[in-house]
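Asker: Chain X is fixed; fit chain E onto it per the hints.
Sequences listed follow chains X and E, in order.
For the record, in the first sequence the residue sitting at position 130 is 130 according to my numbering, with numbers rising by one throughout.
For the record, in the second sequence the residue sitting at position 387 is 387 according to my numbering, with numbers rising by one throughout.
Be aware that one or more of the hints could be misleading.
Claimed, not checked - Restricting the straight-line Cα-Cα distance to at most 20 Å, the calculated cross-link-like pairs of lysine to aspartate or glutamate (EDC-like) are: (1) E:K372 / E:D423; (2) E:K433 / E:D423; (3) E:K481 / E:D262; (4) E:K411 / E:E383; (5) E:K411 / X:E46; (6) E:K473 / E:D249; (7) E:K106 / E:D135; (8) E:K417 / X:E49; (9) E:K417 / X:E46.
Honestly, the hints are just simulated from the structure, not real lab data.
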Amino acid sequence: MRRYVARRVAALAATLLFVSALVFVVVRVLPGDPAALIMGTEGSREATERLREAMGLNRPLPVQYVDWVARALRGDLGRSIQYDLPVGQLIVSRLPVTLPLALMAAVFMIVTAVPLGLYAATHHRRGGDYLAMIVSQLGISVPQFWSGLLLILLFSVTLGWVRSGGFDGWSAGAWPALRALLLPAVALGVFQAAVLVRATRSAVLDVLREDYVRTARAKGVDERRVVGKHTLRNALIPIVTVAGIQLGQLMAGAIVLESVFALPGLGRLALGAIGARDLPVVQGVALFVASCIVVINFAVDLLYGFLDPRIRYE
Amino acid sequence: MTRRTILTALVAVLACGWLTVAADAQAPSRLIVQSQTEPPGLDMTATPATATSGIVFYNVQESLVKVDRHGKLVPSLAERWHTADNRNYTFFLKKGVRFHNGREMKAADVKFCFERALNPETKHPYARDYEAIGDIIVKDDYTVTFALKNINANFLQNVARAGASIYPRETVETMKSQPVGTGPFRFEEWVRGDRVVLVKNGDYHVKGLPKLDRVTFRFVTDPNAVLAALKAGDVDASLFGLGPEHVQDLSKDPRFQVIVGDTTNDVILSMNNSRKPYSDVRVRRAMTYGINKGDVLKGAMFGMGKILGTNVDPLNPYYVDMSKAMPYDPERARKLLAEAGYPKGFDTVLKVSPQYDYTVRSGQIIADNLKKIGVNVRIEQIEWGQWLSRVFREADYDLSIIGHAEAWDIKNYANAKYYYRYDSPTFQALFAKSEVTVDDKARREIYVDMQKLLVEDAPAVWLFMHPRLAVVKKGLQGLWKDLPASANDLSEVSWAPAK
Numbered sequence: 001m002r003r004y005v006a007r008r009v010a011a012l013a014a015t016l017l018f019v020s021a022l023v024f025v026v027v028r029v030l031p032g033d034p035a036a037l038i039m040g041t042e043g044s045r046e047a048t049e050r051l052r053e054a055m056g057l058n059r060p061l062p063v064q065y066v067d068w069v070a071r072a073l074r075g076d077l078g079r080s081i082q083y084d085l086p087v088g089q090l091i092v093s094r095l096p097v098t099l100p101l102a103l104m105a106a107v108f109m110i111v112t113a114v115p116l117g118l119y120a121a122t123h124h125r126r127g128g129d130y131l132a133m134i135v136s137q138l139g140i141s142v143p144q145f146w147s148g149l150l151l152i153l154l155f156s157v158t159l160g161w162v163r164s165g166g167f168d169g170w171s172a173g174a175w176p177a178l179r180a181l182l183l184p185a186v187a188l189g190v191f192q193a194a195v196l197v198r199a200t201r202s203a204v205l206d207v208l209r210e211d212y213v214r215t216a217r218a219k220g221v222d223e224r225r226v227v228g229k230h231t232l233r234n235a236l237i238p239i240v241t242v243a244g245i246q247l248g249q250l251m252a253g254a255i256v257l258e259s260v261f262a263l264p265g266l267g268r269l270a271l272g273a274i275g276a277r278d279l280p281v282v283q284g285v286a287l288f289v290a291s292c293i294v295v296i297n298f299a300v301d302l303l304y305g306f307l308d309p310r311i312r313y314e
Numbered sequence: 001m002t003r004r005t006i007l008t009a010l011v012a013v014l015a016c017g018w019l020t021v022a023a024d025a026q027a028p029s030r031l032i033v034q035s036q037t038e039p040p041g042l043d044m045t046a047t048p049a050t051a052t053s054g055i056v057f058y059n060v061q062e063s064l065v066k067v068d069r070h071g072k073l074v075p076s077l078a079e080r081w082h083t084a085d086n087r088n089y090t091f092f093l094k095k096g097v098r099f100h101n102g103r104e105m106k107a108a109d110v111k112f113c114f115e116r117a118l119n120p121e122t123k124h125p126y127a128r129d130y131e132a133i134g135d136i137i138v139k140d141d142y143t144v145t146f147a148l149k150n151i152n153a154n155f156l157q158n159v160a161r162a163g164a165s166i167y168p169r170e171t172v173e174t175m176k177s178q179p180v181g182t183g184p185f186r187f188e189e190w191v192r193g194d195r196v197v198l199v200k201n202g203d204y205h206v207k208g209l210p211k212l213d214r215v216t217f218r219f220v221t222d223p224n225a226v227l228a229a230l231k232a233g234d235v236d237a238s239l240f241g242l243g244p245e246h247v248q249d250l251s252k253d254p255r256f257q258v259i260v261g262d263t264t265n266d267v268i269l270s271m272n273n274s275r276k277p278y279s280d281v282r283v284r285r286a287m288t289y290g291i292n293k294g295d296v297l298k299g300a301m302f303g304m305g306k307i308l309g310t311n312v313d314p315l316n317p318y319y320v321d322m323s324k325a326m327p328y329d330p331e332r333a334r335k336l337l338a339e340a341g342y343p344k345g346f347d348t349v350l351k352v353s354p355q356y357d358y359t360v361r362s363g364q365i366i367a368d369n370l371k372k373i374g375v376n377v378r379i380e381q382i383e384w385g386q387w388l389s390r391v392f393r394e395a396d397y398d399l400s401i402i403g404h405a406e407a408w409d410i411k412n413y414a415n416a417k418y419y420y421r422y423d424s425p426t427f428q429a430l431f432a433k434s435e436v437t438v439d440d441k442a443r444r445e446i447y448v449d450m451q452k453l454l455v456e457d458a459p460a461v462w463l464f465m466h467p468r469l470a471v472v473k474k475g476l477q478g479l480w481k482d483l484p485a486s487a488n489d490l491s492e493v494s495w496a497p498a499k
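Looking at chain X on its own, in the form it has when it is part of the complex (with noise of 0.2 Å):
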């Protein structure tokens, strides 16, 4: 096991490092010149070239990706264009926001996805795996930013009951920010919930058809049991991957919905870093998004052991 979590640690920074060269390469070769857009149409020549020159952009591309990887490694991301912040500040400051939002999808997608799709496999081919399926089958294809419209036009334009954007923060009381989370979280998770729903009927559905199940249920086992306990349990490992990898999604999709819904969370001080060229906090935001979604694997990895005990990391 040691050696296993030892390898994969290994695995995770040989990654990062790639994913870090990577976005820099990326960044850098995109045309857009962040003192242009500092400056913008009223600004001449000369204070462009003069801001550029201050900025360090003058300097060769390597030496930049040296310096930048070598601060990071101290903990130093640099420092905000845009902002004039440090760029880890500008992330912590945004956590409060993302994450609790991606971990309300994320709760809403697993309660409704899991139940859902255990229904849908034990009414095979009836009227409530059809309602299921089709209703997966519309979370899948409208997108979120629609599903977002839609869900602001009902319950803040029309019925008045929260508001249609923006985060106070949760200084202002628990209650208020979950509120403003709300919507959004619902609007993030149903896209995810909506596939979720179909990986675990799929997942229940093979495990249905296995010969302990069928002994099971000969055996004389409540239904109740046989679903919970025979079925479920060994169908959770393709449940397992499907979401992990969708709690990364859930980090990338909290972009176009803070947008959206105004929240200053991680993925609008991306795109809004992306338009303004802010390069380090383009690079630290991706460089952040990525260990995370990399961090989430390992943890599921780890977690396929505890499932299924017959797996072993030797």
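Answerer: Chain E alone, transformed into the frame defined by chain X:
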């Protein structure tokens, strides 16, 4: 006992009534304004972004002279000024004006701010505007004289710009995130990605202002989200960011008032004058004759805005209506193209940035117009950052469309390196003359000549003045209708008392 109970009840009722009245009188008046773009920093001496000046200028920081809501130069931090020879300008500062940090503003601060603007180390975006300044002499705490190296007719205009705002020297290092000034509102907080909050400056040097206690600029980028926020009552006003298509819908809603006004934003179809076929004046004129500006205004802006004939906006005192000087005439356009050696027209590329919807919509109508004279336009949409690099910086383009918001930007045609690449010694000489001509009548004549020359040379096609489109809740009063300066002065804005 009964009498005592009645008396107590009476006193309680009266007290309640008094408390309610008092609460009403003291009810804080707040305004939540939607802003489309988050500023790239709040230091107006570091960025020329309109997103920055839209929040900070006039509200937090002010300059010696101010452009008022009618476009006139009026006193601000300087109560008056004087010049005998148009080379030495003496400003008499208002006494008792305090910065938000409590310190009194004095002539030494004015000297510091202008010297800092002139220092190349500070990367001031408008340093060139102050190059004419030779010396700044502080006569006493409230009198400062600017000795110019040469006559500069735009000097007062430049002193009224956002880049000439006065701030305390001790806040220079933190101005990007915490601007301090003398304005009607004090900066309170900037929650990155969400909002900037300003609060009333109780010590403001203009009595009775500001009328609002608190202003929140909330950043909402998506136009649909802006509409939802307005309709749900989460924001009180959208001062920039809504397109004409949204305004149409909201103008029918009794809860809102729509403000359509003039601006200094000229939307133009730029042509690369250094690149064939646009190096030929006949082709450039053909392009102007080949575009139906009325169609463009109707299609791109739902008819809101004003058709332009040159690069001087209707808010400029020297504006001459040239919109009918080269009317839509496809037949003439075809003839001009044939004369220039393009009887069958040519293929060309129009680069626009979809960040500004009106550029794409205008482009589509223009492409359709030009097809009728044989010019096949391929529209290439590029992201704003790329547009700034490729089109604006490197002039790697045939055609492009963008709004130029800066006032008095006719000066760009005198700069052969500007992305139009228009190089006319005659125009450059005229412009240089206008810069040193102080007499208003004589200067107006030069401006008229410059506008006529531009029409003649057709270095660009001036399409329309982008209107100010603001949507605010009914009851909000005191907002500027027109925008002659790159600012949103909220000092006189207030809520009408409820009926």
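Asker: Each of the hints needs a verdict: does it hold here or not?
Answerer: Each hint, compared with the structure:
Of the pairs offered as hints, the one joining E:K372 and E:D423 is violated, with about 29 Å between alpha carbons and a cut-off of 20 Å exceeded. Distance hint between E:K433 and E:D423 is fulfilled; the C-alpha atoms sit about 17 Å from each other, no more than 20 Å. Between E:K481 and E:D262, the direct Cα distance comes to roughly 7 Å. Compliance with the 20 Å bound is thereby established for this hinted pair. With a C-alpha separation of about 27 Å, the suggested pairing of E:K411 with E:E383 is violated against the 20 Å cut-off.
A hinted pair counts as satisfied when its Cα atoms are at most 20 Å apart, and E:K411 with X:E46 qualifies at roughly 16 Å. Between the alpha carbons of E:K473 and E:D249 the distance comes to roughly 14 Å, so the proposed pair stays at or under 20 Å and holds. A distance of roughly 17 Å separates the Cα atoms of E:K106 and E:D135; the hinted pair therefore holds under the 20 Å criterion. Distance restraint check for E:K417 and X:E49: the Cα-Cα separation of roughly 14 Å lies within the 20 Å cut-off, and the hinted pair is therefore satisfied.
Our distance criterion of 20 Å between C-alpha atoms is met by E:K417 and X:E46, whose separation comes to about 11 Å.
Hint check: violations occur at hints 1, 4; the rest are consistent with the structure.
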